[in-house]
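Asker: Here are the chains, one letter per residue:
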Amino acid sequence: MTNSIFAERKDQVHRKGDEPFQMSCDKDSLAGAVSQRACVFCGSRVVLYPITDALHLVHGPIGCAAYTWDIRGALSSGPELHRHSYSTDLQESDVIFGGEDKLYRALTQLIDRINPEAAFVYSTCIVGIIGDDLSGVCKKVEREKGIPVIPVESEGFKGNKRAGYNAACRAMFQLVGTGAVDDVSPLSVNILGDFNLAGEIWIIREYLERMGLQVVANITGDGRVGDIRRAHGASLNLVQCSGSTIDLAKMIQDEYQRPFLRVSFFGVEDMADSLYKVADFFKDMDPQILERTKALVRDELSELYPKLKKYRKALEGKKAAIYVGGAFKAFSLVKAFRLLGMTVELVGSQTGTEEDYRELHEITDPGTIIVDDSNPLELSSFLEEKDVDIFVGGVKERPIAYKLGVGFCDHNHERKEALEGFVGMLNFAKEVYSTVMSPVWRFTPRKQALSSNRSKMDVRNEKKAIKN
Amino acid sequence: MKKKRLKTEKEPYVATTDSCKLCAPLGACLAFKGVEASVPFLHGSQGCATYMRRYVISHFREPVDIASSSLGEKHAVYGGGPNLKLGLKNVMSKYNCGLIGVATTCLTETIGDDTSRLVKEFREEFSEVTAGHGNPTIVNVSTPSYAGSHIDGFHSAVRAIVDQVASNVQAFENTLNLFPGFVSPADTRYLKEIVHDFGLNPVILPDISETLDAPAASEYEKIPSGGTPIASIKSMGSASYSIEFGRCLSDAMSASNVLADRFNVPSRKLGTPIGLRETDIFMNTLEEISCRKVPIKYERERGRLIDSYVDGHKYVSGKRAVIYGDPDTVVGLVSFLTEIGIIPVLCATGAKNQYFQTAIKAVTEDILEETPVTLDNIDFFDIEETAEKLAPDVLLGSSKGYKLARKWNIPLVRLGFPIHDRFGAQRICQLGYKGTQDLFDITVNALIQATQDRSPIGYTYI
Numbered sequence: 001m002t003n004s005i006f007a008e009r010k011d012q013v014h015r016k017g018d019e020p021f022q023m024s025c026d027k028d029s030l031a032g033a034v035s036q037r038a039c040v041f042c043g044s045r046v047v048l049y050p051i052t053d054a055l056h057l058v059h060g061p062i063g064c065a066a067y068t069w070d071i072r073g074a075l076s077s078g079p080e081l082h083r084h085s086y087s088t089d090l091q092e093s094d095v096i097f098g099g100e101d102k103l104y105r106a107l108t109q110l111i112d113r114i115n116p117e118a119a120f121v122y123s124t125c126i127v128g129i130i131g132d133d134l135s136g137v138c139k140k141v142e143r144e145k146g147i148p149v150i151p152v153e154s155e156g157f158k159g160n161k162r163a164g165y166n167a168a169c170r171a172m173f174q175l176v177g178t179g180a181v182d183d184v185s186p187l188s189v190n191i192l193g194d195f196n197l198a199g200e201i202w203i204i205r206e207y208l209e210r211m212g213l214q215v216v217a218n219i220t221g222d223g224r225v226g227d228i229r230r231a232h233g234a235s236l237n238l239v240q241c242s243g244s245t246i247d248l249a250k251m252i253q254d255e256y257q258r259p260f261l262r263v264s265f266f267g268v269e270d271m272a273d274s275l276y277k278v279a280d281f282f283k284d285m286d287p288q289i290l291e292r293t294k295a296l297v298r299d300e301l302s303e304l305y306p307k308l309k310k311y312r313k314a315l316e317g318k319k320a321a322i323y324v325g326g327a328f329k330a331f332s333l334v335k336a337f338r339l340l341g342m343t344v345e346l347v348g349s350q351t352g353t354e355e356d357y358r359e360l361h362e363i364t365d366p367g368t369i370i371v372d373d374s375n376p377l378e379l380s381s382f383l384e385e386k387d388v389d390i391f392v393g394g395v396k397e398r399p400i401a402y403k404l405g406v407g408f409c410d411h412n413h414e415r416k417e418a419l420e421g422f423v424g425m426l427n428f429a430k431e432v433y434s435t436v437m438s439p440v441w442r443f444t445p446r447k448q449a450l451s452s453n454r455s456k457m458d459v460r461n462e463k464k465a466i467k468n
Numbered sequence: 001m002k003k004k005r006l007k008t009e010k011e012p013y014v015a016t017t018d019s020c021k022l023c024a025p026l027g028a029c030l031a032f033k034g035v036e037a038s039v040p041f042l043h044g045s046q047g048c049a050t051y052m053r054r055y056v057i058s059h060f061r062e063p064v065d066i067a068s069s070s071l072g073e074k075h076a077v078y079g080g081g082p083n084l085k086l087g088l089k090n091v092m093s094k095y096n097c098g099l100i101g102v103a104t105t106c107l108t109e110t111i112g113d114d115t116s117r118l119v120k121e122f123r124e125e126f127s128e129v130t131a132g133h134g135n136p137t138i139v140n141v142s143t144p145s146y147a148g149s150h151i152d153g154f155h156s157a158v159r160a161i162v163d164q165v166a167s168n169v170q171a172f173e174n175t176l177n178l179f180p181g182f183v184s185p186a187d188t189r190y191l192k193e194i195v196h197d198f199g200l201n202p203v204i205l206p207d208i209s210e211t212l213d214a215p216a217a218s219e220y221e222k223i224p225s226g227g228t229p230i231a232s233i234k235s236m237g238s239a240s241y242s243i244e245f246g247r248c249l250s251d252a253m254s255a256s257n258v259l260a261d262r263f264n265v266p267s268r269k270l271g272t273p274i275g276l277r278e279t280d281i282f283m284n285t286l287e288e289i290s291c292r293k294v295p296i297k298y299e300r301e302r303g304r305l306i307d308s309y310v311d312g313h314k315y316v317s318g319k320r321a322v323i324y325g326d327p328d329t330v331v332g333l334v335s336f337l338t339e340i341g342i343i344p345v346l347c348a349t350g351a352k353n354q355y356f357q358t359a360i361k362a363v364t365e366d367i368l369e370e371t372p373v374t375l376d377n378i379d380f381f382d383i384e385e386t387a388e389k390l391a392p393d394v395l396l397g398s399s400k401g402y403k404l405a406r407k408w409n410i411p412l413v414r415l416g417f418p419i420h421d422r423f424g425a426q427r428i429c430q431l432g433y434k435g436t437q438d439l440f441d442i443t444v445n446a447l448i449q450a451t452q453d454r455s456p457i458g459y460t461y462i
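Sequence order for the protein chains is C and H.
Note that the working numbering gives residue 383 to position 383 of the first sequence, counting from 1, and the numbers run on in steps of one.
Note that the working numbering gives residue 24 to position 24 of the second sequence, counting from 1, and the numbers run on in steps of one.
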């Protein structure tokens, strides 16, 4: 099994219990290793993408814009400019003579045509090489058109996805503080790091509103330029998906003295904890908030738990593997699987920090494999070794699971099922159930080979479980 | 007097909105996926490989590993050579591969990496490593994303494979080289069957029939089995004939030209066999090359196809279609639509292609009085603007046209690449008589369903 791991990557894989915890991470991906990671541009594009009333213009050859056209399930309650793909589509002559003029003309034409509230101009690999003065062009167009035109320093090769998150945060921070905050209540928050996939941010907003809080800006799910402009007015920033937006929260804290809390809206435990932490923050301003929050959690749980029972009963003892972009999501997934009575055998992420992996090490069981910046060969060998029932990941992980005859749950940006909030836990359970308990696995060659090796007793037990 | 501005005088938009093309390295990766035991390798930053994998996986629903030299900032300054070599070494050590297909990207082309030289250096510097892994072949192709589109990258890679691997090692008797262009795995399987049935030995390049539509397996295959064997590619120079599909393929991109120039393998260039007439040409060519009559099986398929054309013609007659996609797929579809009585009101491709208009004219002129509106180098914004005035009844093309179909409330027949919102893209057949039969049935049914859906009656008998 271990021969699938490159010598250079040995310290990016840890088996809990083997030796004292130590992991290396935040390294450049190894050449030739088929990393599942993307690039700086991807990091920026992911974060800014759901700002629905802005123009997102990709300055570069066509690929970068084409591969990110309407691929994410970030929903909007209004404008949908984000669902288009705009590119300067640089050609050979632009690379030779420079792309500034083309960028200027593309920007001005597009702003006239679609009338956005702001424009983000993404830099790509070759823009960093040919040396176009992106910010110069942006400033000029900003002056002429009277809307913010913000360069995003997202040259693909200048780091990894995390560098792209940072570039996006710096870009957004140029907007923060430029809007009026007269109507912002002291009992107010911004939601950071939620991208409104399948309408999730609406679920969370509804909880916060029931607690008596005003949500000023969604950053960035169902996002609006105007809301980000006045985000500095909110008393507290709730930071989910820590990797992507924590830099913005820190910038707001430093500049406007607004604190932030790390939260997670996935799974019952983390969802409830997050709401309680928020209530605790506001309890001096609003003494009743804690009661209202408790009532909310109680109501939601009393509805959820009876419905979860059926799924837990079927799934108890099943084994899961997790490989996601950011490690913070993995924490919640480990807990969510535990709530379903399942064990986690493998957990990894593309961009986790040492602190993240240390926490994963703490919350997982002995024997669990923890991995940073993995690749298809490693992942497939881990799945085979651990003989799991489900793999949680994104589009690139799906065929690995399916080829091995393993169930799959999409927990990435393409998903169409809301997995946040209390209702999200039910959706998650349903999705896990729908794949783990499907009868199709019994026909797959690998499962057939495995089951013929099992004792008759095991087969009988399995049949019983499916019947139930 | 106010000067009337003609459409052609309007200043075109500088930006590309909702692109109808992808970048060249993606096409190269697809072509490399069709060689046995091959790993596509992008010399560039990590993101390119990951984005393309995601895009290709979503269409084929198969594992698609694309390696990358994962260049960072210092490589952009000092050159990507060391990482390219490290990457090649790493791929060899883990994948047990027979071929690595190195495609460049905009980054490495712009910083001026000489990839051919670097690969040569690698072979010399790492001769022991490569020998230890069975001396995998390395093919390299220049595919800067700022020149051409994915379909150009595809053809460039096929040509590079032939250019760098093919020789005149003795082939089986009656070997026929077939360059199908970018067609589905199911179509590739069918082409192989057809050629076999004429008593010929096909070497199809690329052959994605198994690599991008693999059966469930008991063990995870690092590289899916199938693909054109490297030994077969080596023997392409001693084949009896080459057939190459694509009326829009330039001589400079033609792989069969390499074999003709270097090894005197006669080459036949045909249109992609979609529809009756283009398939007839293909079958006649096979008949001629093999000196065998068209097998009865295909006579029957042809007969059934014509029978269905007659049965279905009134459902489609005079309907107006917009077709978009890769140049040769569009030309084939337009040829088919024209012969069943559908009017192609707009034929569009995102690629820049100087042969496109001529090819559309060639496949329509014996039936239509006027050549349909034909536009290359176009995006979906322009397609929408142009097609809106043409009152289309149906769209044919990739899933990226869905928004237009939804807006105009007309059916979209999903064909070509990519298909990201439906299942079974790898099994779509549109070539030959049988593929055309499938194509005809789904087109007719799409139009019938549109009529049925719009009818207040709710007919259950049509």
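Derived by calculation from the structure, the hints in this document are not laboratory data.
Note that the structure is predicted; figures quoted are calculated from it, not measured.
Misleading hints may appear alongside valid ones.
[Claimed, not checked] Computed list of lysine to any residue pairs in SDA-like fashion (alpha-carbon distance at most 25 Å, straight line):
id, chain 1, residue 1, chain 2, residue 2
1, H, K407, C, D112
2, H, K352, C, E359
3, C, K416, H, R406
4, C, K10, H, A405
5, H, K74, C, T353
6, H, K222, C, D112
7, H, K222, C, Y402
8, C, K10, H, R406
9, H, K222, C, R398
10, C, K416, H, A405
11, C, K158, H, V77
12, H, K403, C, K158
13, H, K314, H, I296
14, H, K403, C, T353
15, C, K10, H, E385
[Unchecked claim] Covered stretches of chain C, going by a simulated chain H footprint (3 or more residues, C-beta under 8 Å):
id, stretch
16, 89-95
17, 324-337
18, 389-400
Think of the CB as a built atom: it goes at the ideal place given N, C-alpha and C, for glycine as much as any other residue.
Asker: Compare the structure with each hint and give your call.
Answerer: Here is how each hint holds up against the structure:
{"no.": "1", "hint": "H:K407 x C:D112", "verdict": "holds, 23 Å"}
{"no.": "2", "hint": "H:K352 x C:E359", "verdict": "violated, 52 Å"}
{"no.": "3", "hint": "C:K416 x H:R406", "verdict": "holds, 19 Å"}
{"no.": "4", "hint": "C:K10 x H:A405", "verdict": "violated, 50 Å"}
{"no.": "5", "hint": "H:K74 x C:T353", "verdict": "holds, 23 Å"}
{"no.": "6", "hint": "H:K222 x C:D112", "verdict": "violated, 50 Å"}
{"no.": "7", "hint": "H:K222 x C:Y402", "verdict": "holds, 14 Å"}
{"no.": "8", "hint": "C:K10 x H:R406", "verdict": "violated, 50 Å"}
{"no.": "9", "hint": "H:K222 x C:R398", "verdict": "holds, 15 Å"}
{"no.": "10", "hint": "C:K416 x H:A405", "verdict": "holds, 21 Å"}
{"no.": "11", "hint": "C:K158 x H:V77", "verdict": "holds, 11 Å"}
{"no.": "12", "hint": "H:K403 x C:K158", "verdict": "violated, 35 Å"}
{"no.": "13", "hint": "H:K314 x H:I296", "verdict": "violated, 29 Å"}
{"no.": "14", "hint": "H:K403 x C:T353", "verdict": "violated, 40 Å"}
{"no.": "15", "hint": "C:K10 x H:E385", "verdict": "violated, 55 Å"}
{"no.": "16", "hint": "89-95", "verdict": "holds (count 6)"}
{"no.": "17", "hint": "324-337", "verdict": "violated (count 0)"}
{"no.": "18", "hint": "389-400", "verdict": "holds (count 6)"}
Taken one by one, the earlier hints fail for this structure at numbers 2, 4, 6, 8, 12, 13, 14, 15, 17, listed in ascending order.
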